[in-house]
Structures are given as structure tokens and as C-alpha cells.
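Novice: Sequences and hints are given; from them, build the entire structure.
The first sequence begins at 1242 in our numbering and counts up by one.
Calculated directly from the structure, the hints in this document are not laboratory data. Just so you know, not all the hints are guaranteed correct.
[Stated by the list, open to error] Label pairs and their calculated CB-CB ranges:
hint	residue 1	residue 2	range
1	1346	1249	17 to 23 Å
2	1327	1249	25 to 31 Å
3	1321	1258	20 to 26 Å
4	1336	1292	26 to 32 Å
5	1257	1317	20 to 26 Å
6	1291	1346	28 to 34 Å
7	1340	1250	25 to 31 Å
The C-beta atom is built at its ideal place from N, Cα and C for all residues, glycine as well.
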Amino acid sequence: MAKKQHYIEWVYEVTKQIPKGRVTTYGHIADYLALGSARMVGWALKQLPDGNRIPAHRVVNHKGQLSGRHHFKPPEEMQSRLEREGVTVVEHQITQLERYLWIPSQELIWEEPEFE
DNA sequence: CACTTGACAACAA
DNA sequence: CTTGTTGCCAAGT
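Specialist: Put into C-alpha cells, the structure is as follows:
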């Protein structure tokens, strides 16, 4: 469809762009898509059907907490997937969020990790 | 149609 | 540091 009636699709597209082992926040996606509200991102992801191929587990809130874990089956699946990708999660929160954070607007300047 | 809820976030106190 | 308030927008009741 030439004209997307729903930005929800955009949220899904951006989410699919998150590299493995990386994470981003609702706020950054909302800002990148200019949704005006980070809640729209959470709302959009909540609409995802089970068994989807969207890596929604890579989206956390600005504190790095897995606030959407209760929407996975089972809830621990979100943390399991992250840890499987090398992301450390403690007490439902990602440690060293800055280390894994991936910002949509920076996807173009994605040249070298520069990480340790 | 009015009010509440929510996978959020920024800010005030 | 913590808790409370406000802005945001769609969906549910």
C-alpha cells in the first residue's frame, strides 16, 4: 500500500532494524518516527500476534527495564532472548544500557561500533 | 459521549 | 535517591 494508514507498520519496520545484540527504547523509536508519544510504540508492539518475527524483545523503556516482558509467552522469554544475544539482564533490567543502546536516527552513521 | 488504562517519558518536588 | 504530576494518543469499558 502506497499510503500507510497506520504508523504501526513503521514501528515494526524500525524494530526489525535493531541489530542482534542491541536494544533501543520506546522513546527513541517514537522520536525517530515523530509519533509524539512513546506510548504509541508500546501500544503498537502490544498489537503483535504471537509467533511474529518482530524482535520486540529488543525494545525496552528508557531505564533499560523489560517493561513489556509480561506480554511474552512466557514472560521470561524476553530476557532469555536478550541474554542469548549477549545482553546482560539483571532484575528485569539491562545492565550497561549505553553499551547496547541502538538509536534509529543513528542507523545511517552506523560505521563502526567503537565499543570495547 | 465520559472516563480509565497502558510494553512511556520528562520534569517537579 | 524517591514519589507525584503532566503530556501524549489509541483502545477499552
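Novice: If a hint holds in the structure, say so; if it doesn't, say that too.
Specialist: Do the hints match the structure? See the list:
no. : hint                      : result
1   : 1346 <-> 1249: 17 to 23 Å : holds (20 Å)
2   : 1327 <-> 1249: 25 to 31 Å : holds (29 Å)
3   : 1321 <-> 1258: 20 to 26 Å : holds (22 Å)
4   : 1336 <-> 1292: 26 to 32 Å : holds (29 Å)
5   : 1257 <-> 1317: 20 to 26 Å : holds (23 Å)
6   : 1291 <-> 1346: 28 to 34 Å : holds (30 Å)
7   : 1340 <-> 1250: 25 to 31 Å : holds (30 Å)
Violation of the numbered hints given earlier is absent; every hint is satisfied by the structure.
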